[in-house]
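Participant: Below are the chains, spelled out letter by letter.
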Amino acid sequence: MPPKIDAAFAEKVLVRFIRDGLGKAGFAKAVLGLSGGLDSAVCAALAARAIGPGNVLGLIMPYGTAFPEEVRDAAGLARRLGIRSETIDIAPQIDAYFARRPEASRLRRGNKMARERMSILYDRSAAEGALVLGTSNKTELLIGYTTLHGDMACAINPVGDLYKTQVRAMAARLGIPAAIRRKAPTAGLWPGQTDEGEIGLPYEELDEILHARVEGRKTRKEIVAAGHRPAAVDLVLRRIKASEFKRHLPPVAKLSPRSVGHDFLYPYDWGR
Amino acid sequence: MNVAIAQVAPKLGEVEANVGLHLEVLEKARKKRAGLVVFPELSLTGYGLKDLAEEVALDPARDPRFRRVAAATRGLSAVVGFVEESPAERGLFYNAAALVADGRLVHVHRKVFLPTNGMFEEAKFFAPGRDLRAFEAPFGRVGLLICRDFLHYGASYVHHASGADMIVCVSAAPGRGVEGGDAFATSRMWELMGEAVSFFSTAFVVYANRAGSEDGATFAGGSFVYAPGGRLVARAPYVEPDLLVCPVDLGAVREARRTWLFKRDERPEAVWRSLERIVRAAED
Chain A
1 MPPKIDAAFA EKVLVRFIRD GLGKAGFAKA VLGLSGGLDS AVCAALAARA IGPGNVLGLI
61 MPYGTAFPEE VRDAAGLARR LGIRSETIDI APQIDAYFAR RPEASRLRRG NKMARERMSI
121 LYDRSAAEGA LVLGTSNKTE LLIGYTTLHG DMACAINPVG DLYKTQVRAM AARLGIPAAI
181 RRKAPTAGLW PGQTDEGEIG LPYEELDEIL HARVEGRKTR KEIVAAGHRP AAVDLVLRRI
241 KASEFKRHLP PVAKLSPRSV GHDFLYPYDW GR
Chain B
1 MNVAIAQVAP KLGEVEANVG LHLEVLEKAR KKRAGLVVFP ELSLTGYGLK DLAEEVALDP
61 ARDPRFRRVA AATRGLSAVV GFVEESPAER GLFYNAAALV ADGRLVHVHR KVFLPTNGMF
121 EEAKFFAPGR DLRAFEAPFG RVGLLICRDF LHYGASYVHH ASGADMIVCV SAAPGRGVEG
181 GDAFATSRMW ELMGEAVSFF STAFVVYANR AGSEDGATFA GGSFVYAPGG RLVARAPYVE
241 PDLLVCPVDL GAVREARRTW LFKRDERPEA VWRSLERIVR AAED
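Protein chains in written order, with my numbering: chain A, 1 to 272; chain B, 1 to 284.
Just chain A, with the same shape it has in the complex (with noise of 0.2 angstroms):
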């Protein structure tokens, strides 16, 4: 069985933590990546419906005319949210980057492309006075198939507690429209390229295997007598162990009685 979710509940609590989460740091807007997939979708859905859709603006960054399905999507989303959207082509500093750096692999490019994704979006929340809103999901974070400093980058996340196929149940709950909510599930690192086809597990299953490890604290042992096929279990267990330094701060050395990431703790909301 996939991880229930009770949509309706969740989305009240979600468009109150965003309402309440800019409110307490002093912003009213928002502004968050549009790949055109669902994620960003389910997130753009919830801020309009929290901050109201004329606070919330959509950046639509493809790589020149490779995705030309994902922007239609994007931008048919936005209109329908009634968001404010803009579509920036990330094309020209990636090329010229890469113009002296031939041999660079797919996936240096792929990230190299989240990471300026994640560059404009804070110049224009900056611009904007503006918070990033976050579209990384909880089973994306616990396998690591995400870009550090890149897509994770956000000053508040809304959906990063939520599986991909609870995402989904989200997105049936808001409305998102079916050609979004039907597609196959992409990272746009490249064209063609499908989460499921990289990660080599269906969502279904890798979100199962998942909640049995994280909520169900199972062992592997318990979740292959459980009935799944051990070569799954081990992928998405190393996965989750490969990726644990994305989710955490950089260790900082210690030197000092009290330091930074160590011993010196306030916490995130401090005089909010």
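These are computed hints drawn from the structure, not numbers from a lab.
Among the hints, erroneous ones may be present.
[Stated by the list, open to error] In silico lysine to any residue, SDA-like type, Cα no more than 25 angstroms apart, as pairs:
hint : chain 1 : residue 1 : chain 2 : residue 2
1    : A       : LYS24     : B       : ALA217
2    : A       : LYS246    : B       : PHE120
3    : A       : LYS218    : B       : MET119
4    : A       : LYS246    : B       : ASN117
5    : B       : LYS50     : A       : LYS4
6    : B       : LYS124    : B       : GLY180
7    : B       : LYS11     : A       : ARG181
8    : A       : LYS218    : B       : GLU14
9    : A       : LYS24     : B       : GLU14
10   : B       : LYS11     : A       : ILE51
11   : A       : LYS218    : B       : GLY140
12   : B       : LYS124    : A       : TYR266
13   : A       : LYS24     : B       : GLY180
14   : B       : LYS11     : A       : LEU201
15   : A       : LYS12     : B       : GLY180
16   : A       : LYS12     : B       : MET189
17   : A       : LYS12     : B       : ARG65
18   : A       : LYS221    : B       : GLY118
19   : B       : LYS124    : A       : SER256
20   : B       : LYS124    : A       : ILE51
21   : A       : LYS246    : B       : GLU24
22   : B       : LYS263    : B       : PHE135
23   : B       : LYS124    : A       : LYS12
24   : A       : LYS24     : B       : GLU191
25   : A       : LYS4      : B       : GLY216
26   : B       : LYS11     : A       : VAL15
27   : B       : LYS50     : A       : PRO250
28   : A       : LYS4      : B       : MET119
29   : A       : LYS246    : A       : TYR122
Assemble chain B onto chain A, guided by the hints.
Facilitator: Frame of chain A, contents of chain B only:
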């Protein structure tokens, strides 16, 4: 008597701002003829304080900010949450709640059970309280508990054995679990205990939880009052801030104790002897 529960969202680490919030709510509750106003756990400071705990600690007998809140309780009672540092124990910080009545500090309870696992880290920053003591408030005999205290049913038992008419639990419980229904899954846990304790201790149970969010965690709200016999008197909305005001007739305690003789037939000496044996065995 009317009981008011302030399901509020204090500012984290900002005592001065939270004093303002308390004065505002006390005024509103007074207008609604409340005899008792219950604020949530750490209502003067916010919950997830970490190293801020020592910076916002105060002595309720002397601190001018606490005295301003106490002064606003003329003609009524209030339960207020704060970090306590007393002159007798400098450098020790307690997660505490006080009942103040008519401007006077009546009783301070220090949280005994400090959750320190998973998302909770209270024992890193607070010293544990050592005592559970019911006391006389202007309206009846009260046992105070703070959040996790209430989930260890021995704590409510002590108040029952000592004759409490009302068990007041102040709480800052973050919600967890969104599998189904209009509340976090964890809200059920508090209601289950509230219903059971009010039934078997034939006392009122007043549970004041907070609203708002801190560091990504959303507080579950859902404050409630149960009357003796497990009867739900009122419940505040889940998650949303609220000021819940409901009538409480303490005569219901007598009524319930004539029907269900748990209090008359209670034998704390038998429990005590058994506990003593267990504690001695654990010390060997």
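Participant: Work down the list of hints and note, for each, if the structure agrees.
Facilitator: Each hint tested on the structure:
no. : hint                : result
1   : A:LYS24 - B:ALA217  : 14 angstroms, holds
2   : A:LYS246 - B:PHE120 : 23 angstroms, holds
3   : A:LYS218 - B:MET119 : 19 angstroms, holds
4   : A:LYS246 - B:ASN117 : 23 angstroms, holds
5   : B:LYS50 - A:LYS4    : 33 angstroms, violated
6   : B:LYS124 - B:GLY180 : 33 angstroms, violated
7   : B:LYS11 - A:ARG181  : 39 angstroms, violated
8   : A:LYS218 - B:GLU14  : 41 angstroms, violated
9   : A:LYS24 - B:GLU14   : 13 angstroms, holds
10  : B:LYS11 - A:ILE51   : 21 angstroms, holds
11  : A:LYS218 - B:GLY140 : 49 angstroms, violated
12  : B:LYS124 - A:TYR266 : 13 angstroms, holds
13  : A:LYS24 - B:GLY180  : 29 angstroms, violated
14  : B:LYS11 - A:LEU201  : 44 angstroms, violated
15  : A:LYS12 - B:GLY180  : 13 angstroms, holds
16  : A:LYS12 - B:MET189  : 21 angstroms, holds
17  : A:LYS12 - B:ARG65   : 35 angstroms, violated
18  : A:LYS221 - B:GLY118 : 23 angstroms, holds
19  : B:LYS124 - A:SER256 : 20 angstroms, holds
20  : B:LYS124 - A:ILE51  : 37 angstroms, violated
21  : A:LYS246 - B:GLU24  : 44 angstroms, violated
22  : B:LYS263 - B:PHE135 : 17 angstroms, holds
23  : B:LYS124 - A:LYS12  : 33 angstroms, violated
24  : A:LYS24 - B:GLU191  : 30 angstroms, violated
25  : A:LYS4 - B:GLY216   : 21 angstroms, holds
26  : B:LYS11 - A:VAL15   : 20 angstroms, holds
27  : B:LYS50 - A:PRO250  : 21 angstroms, holds
28  : A:LYS4 - B:MET119   : 22 angstroms, holds
29  : A:LYS246 - A:TYR122 : 20 angstroms, holds
Consistency note: the structure conflicts with the earlier hints numbered 5, 6, 7, 8, 11, 13, 14, 17, 20, 21, 23 and 24.
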